[in-house]
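Chemist: Here is how the chains run, residue by residue.
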Amino acid sequence: MSGSVVPVLGRFSVEKQESLLKLSILSISVVLAFSTRLFSVLRFESVIHEFDPYFNYRTTRFLAENGFYSFHNWFDDRAWYPLGRIIGGTIYPGLMVTASTIYHFLNSLNITLDVREVCVFLAPLFSSLTAIMTYLLTSELHSVGAGLCAAGMIAIVPGYISRSVAGSYDNEGIAIFCMLFTYYLWIKSVKTGNIYWAALCSVAYFYMVSSWGGYVFLINIIPLHVLVLMICGRFSHKTYIAYSTVYTLGTLLSMQISFVGFQPVQTSEHMLALGVFGLCQILAFVEYLRANMTQENFNVLFKSLIIIISGIIGVGLGVLTLSGKVAPWTGRFYSLLDPSYAKNNIPIIASVSEHQPTSWSSFYFDLQILTFLFPAGLYYCFSKLTDHNIFIILYGVFAVYFAGVMVRLMLVLAPVMCILSGIAVSSSLSTYMKYLDSSNQQTKSTSKVGKIKQDSSSNTQKEGIAYIFVGMITFFLISYTFHCTWVTSEAYSSPSIVLSARSHDGSRIIFDDFREAYWWLRMNTPEDAKVMSWWDYGYQITAMANRTIIVDNNTWNNTHISRVGQAMASTEDKAYEIMRELDVNYVLVIFGGLTGYSSDDINKFLWMVRIGGSTPEGAHIKEWDYYTPSGEFRVDSEGSQTLLNCMMYKMCYYRFGQVYTEGGKPPGYDRVRNAEIGVKDFELDVLEEAYTSEHWIVRIYKVKDLPNRGSR
Amino acid sequence: SDLTKLILLDSLLQEKKKMRLVSLLCILVVGISQCLAEKRILALLENLAVKETHSIFFSMLNRHGFSVTYKVADDSTLQIKKYGEFVYDHIVVFAPTVEEFGGSLNADMITEFIDNGGNILITGNSNTGEVLREIASECGFEVDEEGTNVIDHLNFDAKDTGHHTLVVADPKDFIKSELITGGVKSPLLYRGTGILADPGNPLVLEVLTGSSTSYSANPEQPIKEYPHAVGKNTVLIAGLQARNNARVIFSGSLEFFSDEFFNAEVAKGNGKAVAAGNAEFAEALTLWCFKERGVLRVDSINHHLVGETSPPDFYTIRENVEFEINVVEKKDGSWVPFKGQDVQVEFVRIDPFVRATMKNVNGRVSAQFKIPDVYGVYQFKVNYLRLGLTRIQTSTQVSVRPLRHDQYERFISSAYPYYASAFSMMGGVFLFAIVFLYYKEDEGKKKAE
Chain W
1102 MSGSVVPVLG RFSVEKQESL LKLSILSISV VLAFSTRLFS VLRFESVIHE FDPYFNYRTT
1162 RFLAENGFYS FHNWFDDRAW YPLGRIIGGT IYPGLMVTAS TIYHFLNSLN ITLDVREVCV
1222 FLAPLFSSLT AIMTYLLTSE LHSVGAGLCA AGMIAIVPGY ISRSVAGSYD NEGIAIFCML
1282 FTYYLWIKSV KTGNIYWAAL CSVAYFYMVS SWGGYVFLIN IIPLHVLVLM ICGRFSHKTY
1342 IAYSTVYTLG TLLSMQISFV GFQPVQTSEH MLALGVFGLC QILAFVEYLR ANMTQENFNV
1402 LFKSLIIIIS GIIGVGLGVL TLSGKVAPWT GRFYSLLDPS YAKNNIPIIA SVSEHQPTSW
1462 SSFYFDLQIL TFLFPAGLYY CFSKLTDHNI FIILYGVFAV YFAGVMVRLM LVLAPVMCIL
1522 SGIAVSSSLS TYMKYLDSSN QQTKSTSKVG KIKQDSSSNT QKEGIAYIFV GMITFFLISY
1582 TFHCTWVTSE AYSSPSIVLS ARSHDGSRII FDDFREAYWW LRMNTPEDAK VMSWWDYGYQ
1642 ITAMANRTII VDNNTWNNTH ISRVGQAMAS TEDKAYEIMR ELDVNYVLVI FGGLTGYSSD
1702 DINKFLWMVR IGGSTPEGAH IKEWDYYTPS GEFRVDSEGS QTLLNCMMYK MCYYRFGQVY
1762 TEGGKPPGYD RVRNAEIGVK DFELDVLEEA YTSEHWIVRI YKVKDLPNRG SR
Chain D
409 SDLTKLILLD SLLQEKKKMR LVSLLCILVV GISQCLAEKR ILALLENLAV KETHSIFFSM
469 LNRHGFSVTY KVADDSTLQI KKYGEFVYDH IVVFAPTVEE FGGSLNADMI TEFIDNGGNI
529 LITGNSNTGE VLREIASECG FEVDEEGTNV IDHLNFDAKD TGHHTLVVAD PKDFIKSELI
589 TGGVKSPLLY RGTGILADPG NPLVLEVLTG SSTSYSANPE QPIKEYPHAV GKNTVLIAGL
649 QARNNARVIF SGSLEFFSDE FFNAEVAKGN GKAVAAGNAE FAEALTLWCF KERGVLRVDS
709 INHHLVGETS PPDFYTIREN VEFEINVVEK KDGSWVPFKG QDVQVEFVRI DPFVRATMKN
769 VNGRVSAQFK IPDVYGVYQF KVNYLRLGLT RIQTSTQVSV RPLRHDQYER FISSAYPYYA
829 SAFSMMGGVF LFAIVFLYYK EDEGKKKAE
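Chains as they are written, first to last, in this note's numbering: chain W, 1102 to 1813; chain D, 409 to 857.
For reference, chain W alone in the conformation it holds in the complex (with noise of 0.2 Å):
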């Protein structure tokens, strides 16, 4: 037995050392989870990331400031000027809640961390008990061998860390825990048929709807698994009871969060789980009938029920959809399902780089050596066909589908690819460490998965494939790890509000414009000023300079993000006049020229050209003339001349024809677009230059009053 190789452990019985092992095995997972992802805070500091985060973070503070109910009644009237925002009716708290409750808990305890630590840190966290509700879903699946191996894989798969590096303070560092959670407690109440692990289930139902969008990809797998199991024959007691109680208690909860309000009822997303609901009722009572009649009797009710239930089906379903009750399908789970759609129809949403179709690479990239793992998993829950096997194989291949949609979804697949791949190894391990076990006592276990059954069969030519399958499975698992470890620490741990280039000696440079910006922001204009810039730079301004914008990152008003862009696309006469009615004080734009810091507005320009023509208002902005008439967008003397007359055009130029950006080039010489800018001197009407940042990433323009005398 494999306890006698290490003495130590002799003096324990089997079940001892084997829960000792466990416990080893998932403590190291537990840690590496947190550790891993800290690359961020030891190379940067301890700041939050991105655009996103910051908002949390920011509604967070006011909650541990305020308290829960002013919260709930948080009305912003710093953001989307003019209009405001109900924010405790437009979000899902559940990150909030979680990370001030933390905050306050550890102030009890005096130890008092500031609120920006606990929101640096909840995320790695988070991973760290995901890996423990990993272990504990695959074991309830599968196995225990085949819960540690997925425990270790979800700690460094890189599609997961990807949304939970330490500072990346968003709702899907919380949500994945949430989710398997309540998967975990799903498939315990289907096994055992038991309302109390049902409620529970809705329960945990309730803190998923609470802190993630991503809730209905939950309540649509677990209707779905409830219907293969009728399809399959396999509905029973327990799934009636499971579900029933499931569908009504999590729906009340969900219906509680004042962002879901009435959608579960009457949106088409959650019609799927309401049908199945219905049908289970219908099954049951079926069931009941024929267990009471004769035959014949039966088969006259049920065509009759069958025709008259569907009838009002029917007819109920079409009023309500023609009278506007239940909601037509939004855009973005429209383009779920065609992944064309948003392209197509709703600029705004495929302007997000994360609403994009996933490319293969990432896929490889994400997930690795999971990528071929999980075929091998499917295989093993196919081979042995179990209730719960089938909803982990119906989660598999509809995260593979929606992953393949939208590349932030990567982040629902990453967590069942750890789960069929931690079958898989350990199933096929477990199948070939038998041989090894069996010939030789002495072979050190390489794997974690130490589950070795005795078998008597000893075959050296056995015995050789089951050595180079270990091996090769043992170099698999290596290289994975340090695939992911590299992935993490190059790709997914810059906090991109401080950025960093290499020079030509290979030392770092740190480009720190971004909050150098918004600290001039805040220091001097006057505290009511009112902000204008493209909508990806709103949660950070309010958050960082605590001034007014006209549109940030919640993307809920599409006409006002369109008058700001088409602000940005026109004239300075005309963008004047937009920006006096929305009383705009200052103009914040990103510029990466001088840089090579791609992402900046120039970049983003056709996108502004795109949403600001979507609207009545923008009708006379066309894509088409902002390039030249070969079709190239152009920033040189070549580009068309509506570019080279637009507003975002001159901001970002403003006194740049004289700058020497790279040697042997001519002076405003763009290093992102690799081209000599077309019109160089030029002079400002409206707007004056208030501030430029170090490094020319941020410039801030003021904006003029009238003329004193007369009009321009």
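Computed, partial: chain W to chain D, Cβ under 7 Å:
#1 N1174
#2 F1176
#3 D1178
#4 Y1182
#5 P1183
#6 I1187
#7 N1809
#8 R1810
In short, the hints are calculated from the structure, not lab data.
Glycine included, every Cβ here is placed at the ideal spot set by N, Cα and C.
We have chain W; now place chain D onto it with these hints.
Modeler: Quick look at chain D alone, frame taken from chain W:
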């Protein structure tokens, strides 16, 4: 460390008291000097003789309490700004032909003076100098070419020497504002150049225009080209009230303000001679230009819920709100309550949601209205533009919130059937559960089945 903190605080408080005393003194001193300050005039003259030929005008200024400093326009010590502050409040330029001011004064300085709230009265003549032309074009009007005069072959004075350049301006060509014209009813004498107003500038006021038969041309030369200014477009006296309420008057004629014209009699053609209204008109115009009349001041802006007195942190939709401003008007050197009944307030969120005419009770102008059922950030805007008065432009930002979660109705009467059904259902299930759990079926009956 707490002790030192306390001591520090204490000394800070004392410091504060001292500061308050000092600042009080400062306010007093500044207040006194301000009283005098608003009446400092710099008069720039062509030569010192002008002071004599225009003595009635200058004595009128003195009579109204202005302190006038006389300087020749090309005096090399000319200076209107000291230590970053303007040392005069108003400027009179009676130097039509000056090409360049002396000292540090130039057209840019004058425009800066206007943009800082200074008022200026400028006169030209048929040979208006370069610097005045520059100032004029900065203010939205243009002086006609050198040598040109306003000519009117139908409306000229009997004393005219034959070129018909001594024009008689009729009261019907005055700007329609008694605040500017002083309600003068008699005709005016005018001899000088014509002015063209920039039609694209909405702030320019045509204070006095020529009659429909007037035009502007050089009387000595035959007219080969179509004159620049013809008929009513020939502006004799142009004005501008800038956005900061600074006032500019540009008269094409220096003689208009002269003692000779002030005392003259006007006789059009063979008509009866009447006294010229120049003196009266010039006085009214000057007082208007130097902000002695037609000046409104908003003393306070207040908004609150109806029945309360102080503004809340925010409003809630559908609340009744009252907005009030206190407006005073400058009349004869003192501030009296404004009497206008046509001030309107708008409640704006991009578009005005409410527009109400405000009631004026002795200078306290107020309106009550209901906040619309739309949340957002609103502004109370008063935009009062009347000819001859300084503009009132105020905007006060407030946020209007939606209802709190506990401000909604607790029970809706139309939902009582649903409450009833919910509770009856709960009761029913409870009873059913009891029956289901504790009812024992009769053994015999079960067997029979």
